[in-house]
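2 protein chains.
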Amino acid sequence: MRDFLQAVAALIGPAHLLTDAADTAPYTLDWRRRYQGLPLAVALPGSTAEAAELVKLCRRHQVAIVPQGGNTSTCGAATPDASGRQLVVTMRRLRAVRRLDADNNAITVEAGATLREVQLAAEQAGRLFPLSLASEGSCQIGGNLSTNAGGVAVLRYGTMRELTLGLEVVLPDGRVLDALAGLRKDTTGLDLKQWFIGAEGQLGLITAATLKLFPLPSARATALIGVDDIETAIRWLNGLRQRFDNRLTAFEVIEADCQQAIARHRPGQLPFTAPWLLLIELSDGGDDAALNEALLDWLAGQTPRDGVVAQSEAERRKLWLLREEISEIQKQDGPSIKHDIAVPTSALPQLVRDCGAALRQAYPGVRIVAFGHAGDGNLHYNISYTRPGNVDLFDDEPAVNAIVYDHVYRLGGTLAAEHGIGQLKPQWLERYKDPLALELMRTLKAALDPERLMNPGKWL
Amino acid sequence: MRDFLQAVAALIGPAHLLTDAADTAPYTLDWRRRYQGLPLAVALPGSTAEAAELVKLCRRHQVAIVPQGGNTSTCGAATPDASGRQLVVTMRRLRAVRRLDADNNAITVEAGATLREVQLAAEQAGRLFPLSLASEGSCQIGGNLSTNAGGVAVLRYGTMRELTLGLEVVLPDGRVLDALAGLRKDTTGLDLKQWFIGAEGQLGLITAATLKLFPLPSARATALIGVDDIETAIRWLNGLRQRFDNRLTAFEVIEADCQQAIARHRPGQLPFTAPWLLLIELSDGGDDAALNEALLDWLAGQTPRDGVVAQSEAERRKLWLLREEISEIQKQDGPSIKHDIAVPTSALPQLVRDCGAALRQAYPGVRIVAFGHAGDGNLHYNISYTRPGNVDLFDDEPAVNAIVYDHVYRLGGTLAAEHGIGQLKPQWLERYKDPLALELMRTLKAALDPERLMNPGKWL
Chain A
4 MRDFLQAVAA LIGPAHLLTD AADTAPYTLD WRRRYQGLPL AVALPGSTAE AAELVKLCRR
64 HQVAIVPQGG NTSTCGAATP DASGRQLVVT MRRLRAVRRL DADNNAITVE AGATLREVQL
124 AAEQAGRLFP LSLASEGSCQ IGGNLSTNAG GVAVLRYGTM RELTLGLEVV LPDGRVLDAL
184 AGLRKDTTGL DLKQWFIGAE GQLGLITAAT LKLFPLPSAR ATALIGVDDI ETAIRWLNGL
244 RQRFDNRLTA FEVIEADCQQ AIARHRPGQL PFTAPWLLLI ELSDGGDDAA LNEALLDWLA
304 GQTPRDGVVA QSEAERRKLW LLREEISEIQ KQDGPSIKHD IAVPTSALPQ LVRDCGAALR
364 QAYPGVRIVA FGHAGDGNLH YNISYTRPGN VDLFDDEPAV NAIVYDHVYR LGGTLAAEHG
424 IGQLKPQWLE RYKDPLALEL MRTLKAALDP ERLMNPGKWL
Chain B
4 MRDFLQAVAA LIGPAHLLTD AADTAPYTLD WRRRYQGLPL AVALPGSTAE AAELVKLCRR
64 HQVAIVPQGG NTSTCGAATP DASGRQLVVT MRRLRAVRRL DADNNAITVE AGATLREVQL
124 AAEQAGRLFP LSLASEGSCQ IGGNLSTNAG GVAVLRYGTM RELTLGLEVV LPDGRVLDAL
184 AGLRKDTTGL DLKQWFIGAE GQLGLITAAT LKLFPLPSAR ATALIGVDDI ETAIRWLNGL
244 RQRFDNRLTA FEVIEADCQQ AIARHRPGQL PFTAPWLLLI ELSDGGDDAA LNEALLDWLA
304 GQTPRDGVVA QSEAERRKLW LLREEISEIQ KQDGPSIKHD IAVPTSALPQ LVRDCGAALR
364 QAYPGVRIVA FGHAGDGNLH YNISYTRPGN VDLFDDEPAV NAIVYDHVYR LGGTLAAEHG
424 IGQLKPQWLE RYKDPLALEL MRTLKAALDP ERLMNPGKWL
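Taken in order, these protein sequences are the chains called A and B. Just so you know, we're using my numbering here: the first sequence kicks off at 4 and counts up by one. Just so you know, we're using my numbering here: the second sequence kicks off at 4 and counts up by one.
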């Protein structure tokens with residue numbers, strides 16, 4: 004290993020190879036603090052060419068690579084194992100905007116750029132890069148790609164997959180696939196970039212991407228609405244889509260238990276409570292006043308339990324902050340058994356009703372902190388309760404998961420909507436995913452990475 | 004082979020296995036009449052299960068399969084070779100709408116349904132299936148998927164790939180991959196459906212798909228505008244996007260030589276001519292009057308050379324007919340060397356200028372019939388001229404293609420934007436596509452179809 008580390012240091016410069024525990028610490032513990040790894044070292048290549056040579060070196064020395072972005076995975080996808088033999092490779096130094104082509108509505112950025120940096124670069128050119136999620140200040144484009152990130156604007160703009168025009172990838176054999184073309188249409192063969200999006204770094208190392216940009220909306224209208232049940236929420240969703248088409252940019256929900264957590268940690272911030280709160284945002288060209296008026300017009304025809312429409316940018320930010328801080332609040336609230344589930348939006352009411360009943364029966368007093376992207380059928384559905392005898396909540400995780408996922412799959416849903424599989428869910432993937440689908444995925448893995456050096460020990 | 008044909012007849016019923024030349028004729032000549040195949044037979048399975056058994060039979064007897072949809076390929080992708088040994092498999096009998104879930108904005112249809120049938124089924128549920136192309140009355144969903152079809156609404160709604168939520172596919176070994184889930188977000192592993200979209204039937208037989216639906220627009224505003232050059236067209240494109248965001252549904256262009264062809268075949272139909280005509284359509288909720296007014300407001304700030312805004316549905320249809328009939332008109336006009344190219348929209352002006360100049364220098368008197376989806380950077384760019392001595396135009400095809408594709412690739416473009424490769428362009432794919440990309444595609448082909456029984460003799 005000393006030979007290997009010397010060769011890496013010579014390649015990328017000794018300052019960019021971290022081996023001391025104090026230096027590697029920020030890269031070894033996952034965001035939720037569930038996985039503590041022990042890496043051989045952490046390498047920060049400074050260019051695609053260096054990254055490619057690094058992969059070749061790893062292959063020669065049979066060192067496994069764990070690609071890491073901003074280290075905000077909620078499922079341990081970017082955390083090394085405890086063997087002390089895996090090399091964490093992070094793209095933090097590869098963060099340039101290589102090209103911004105406003106007339107083509109496209110930006111080419113390196114994988115280590117944070118999502119926020121890309122959003123800002125787009126804004127400076129009068130364009131929008133619409134991916135938006137709570138960790139946007141620290142998560143990186145390479146991680147967004149590797150997990151097919153979602154967030155709060157998928158309803159209108161799609162997931163990271165749909166926002167991607169091209170990729171540059173270092174393959175497991177160290178060759179570089181340059182598929183960065185900024186084209187809206189291309190039928191010259193298979194669409195290779197699709198293979199690497201959502202692959203959690205198990206098929207290659209993404210080093211750059213060409214992403215779609217959109218007109219920067221000049222108007223927003225944002226409302227927080229209280230309704231009585233999830234059925235009403237879905238009726239509102241379809242009513243809003245019918246009226247505003249995809250000016251409807253976000254449609255988030257916050258369930259009662261989740262509102263209580265917010266009220267405990269951010270007293271006085273919630274303007275009102277209700278069985279379900281809807282956070283609705285429209286965006287468009289034109290001005291705020293016209294859009295607000297259109298939203299108010301539509302609301303006048305409804306009968307919400309309660310509601311407020313933001314009258315200023317400050318009020319709008321305040322409403323969004325309630326939603327964005329939920330994950331952080333939950334972290335302070337102690338452990339919970341988290342789920343990142345999705346079903347067809349039409350099936351959300353049945354899921355909430357049936358799965359909630361089953362959990363309440365099995366675990367009296369359970370708190371179901373449900374919130375998220377109802378417009379995409381995607382709920383973060385987090386379970387906690389005080390367990391008699393002070394036993395670790397996570398002892399119950401398998402039983403709780405089985406209840407939740409059984410309901411989700413009965414309704415044609417998924418156990419990982421936008422957070423991926425990582426180290427947290429491989430056993431659940433095995434249980435619920437079609438074995439033929441898994442076999443096909445592994446066929447590609449075996450073809451591209453026969454030595455299994457790309458992020459081994461995850462799910463592929 | 005007699006054993007094989009008897010087994011197929013027993014499986015799908017003798018009435019659904021066509022062997023007489025008169026019966027198979029509609030399946031053996033491609034739409035542009037460039038490829039005449041001679042198949043062993045044409046099989047019409049009646050269910051996914053039958054299709055799966057049929058693939059197993061083919062494998063047992065080592066009979067190659069040519070999947071065929073509505074036989075509207077413009078590159079011979081669905082035409083068998085002349086060996087008399089390939090089995091054409093068409094899904095014409097598999098055309099049911101299996102499920103329409105309006106609340107989830109999703110429809111599950113079988114591969115043999117025509118695009119028009121799917122559009123109508125969506126409309127009856129108050130929804131839009133937005134894929135729209137000239138051959139929509141006869142092309143089939145399976146073919147749309149296998150070619151990643153584009154058309155006139157990609158600017159707003161994306162290509163067939165972006166419109167697809169799930170697929171059902173018979174793999175080359177006869178097993179059925181059921182990946183039909185109607186989910187907007189799913190990160191349980193690799194997105195397998197992406198492998199089969201755009202694969203031109205070389206990786207499996209698509210039998211059904213779950214597709215996205217959208218709110219049915221209640222308002223449209225359609226204008227035909229004359230401008231002086233392609234630079235102005237691209238300026239308009241970005242101005243319209245900025246003002247109307249993705250209410251801008253279509254942005255088509257028709258160049259001068261193409262207008263002349265229309266004028267010859269449809270005298271009196273073109274309201275005016277100009278170096279470039281723009282066919283612009285906005286769509287939205289609300290009513291036509293408001294949208295028309297908004298478009299007229301915006302137009303008032305511009306200085307078009309000429310322009311007309313449709314004042315009725317009949318006028319709107321008339322404007323669109325001009326655009327939709329171009330391919331048919333071209334067919335009547337005799338042979339032309341066709342190109343289906345795309346570049347970043349920002350590069351379209353340079354392409355048109357430089358490539359046009361190079362062609363005019365090499366072939367004095369050349370007619371460049373250019374039209375298509377400028378909003379996606381995609382032009383149909385068809386070359387014809389009277390060749391001295393009455394020699395076959397296609398003798399010059401290699402030289403003409405080299406001029407066009409050299410310009411396209413210098414600008415980061417593609418030689419097949421939405422029509423695919425088929426039998427027409429494999430040699431050009433070899434010449435212009437990154438060899439590493441081709442190698443990766445063939446790696447997947449070898450892994451999924453080692454016996455090369457799915458649509459062999461095309462490009463994979």
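Simulated from the structure, these hints should not be mistaken for lab results. Honestly, I wouldn't trust all of these hints.
[What the hints assert, rightly or not] Straight-line distance between alpha carbons at most 25 Å, and here's what the computed PhoX-like set of lysine-lysine pairs gives:
| no. | chain 1 | residue 1 | chain 2 | residue 2 |
| --- | --- | --- | --- | --- |
| 1 | B | LYS436 | A | LYS448 |
| 2 | A | LYS448 | B | LYS334 |
| 3 | B | LYS334 | B | LYS59 |
| 4 | A | LYS436 | A | LYS448 |
| 5 | B | LYS436 | B | LYS448 |
| 6 | B | LYS448 | A | LYS436 |
| 7 | A | LYS59 | A | LYS448 |
| 8 | A | LYS321 | A | LYS334 |
| 9 | B | LYS321 | B | LYS334 |
Against the structure, the hints come out as follows:
1. As the CA atoms of B:LYS436 and A:LYS448 are separated by approximately 23 Å, the hinted pair is consistent with the 25 Å bound.
2. Of the pairs offered as hints, the one joining A:LYS448 and B:LYS334 is violated, with about 46 Å between alpha carbons and a cut-off of 25 Å exceeded.
3. A hinted pair counts as satisfied when its Cα atoms are at most 25 Å apart, and B:LYS334 with B:LYS59 does not qualify at roughly 39 Å.
4. With a C-alpha separation of about 17 Å, the suggested pairing of A:LYS436 with A:LYS448 holds against the 25 Å cut-off.
5. This hinted pair checks out: B:LYS436 and B:LYS448 have alpha carbons roughly 17 Å apart, not beyond 25 Å.
6. The hinted pair formed by B:LYS448 and A:LYS436 meets the criterion: a straight-line CA distance of about 23 Å does not exceed 25 Å.
7. Taken as a hint, the A:LYS59 and A:LYS448 pair is honoured in the structure, with Cα atoms around 18 Å apart against an allowance of 25 Å.
8. Restraint check: the Cα-Cα separation between A:LYS321 and A:LYS334 comes to about 20 Å, which is no more than 25 Å; the hinted pair holds.
9. For the hint pairing B:LYS321 with B:LYS334, the CA-to-CA distance comes to about 20 Å; that is within 25 Å, so the pair holds.
Comparing the model with each earlier hint shows violations of hints 2, 3; every other hint is respected.
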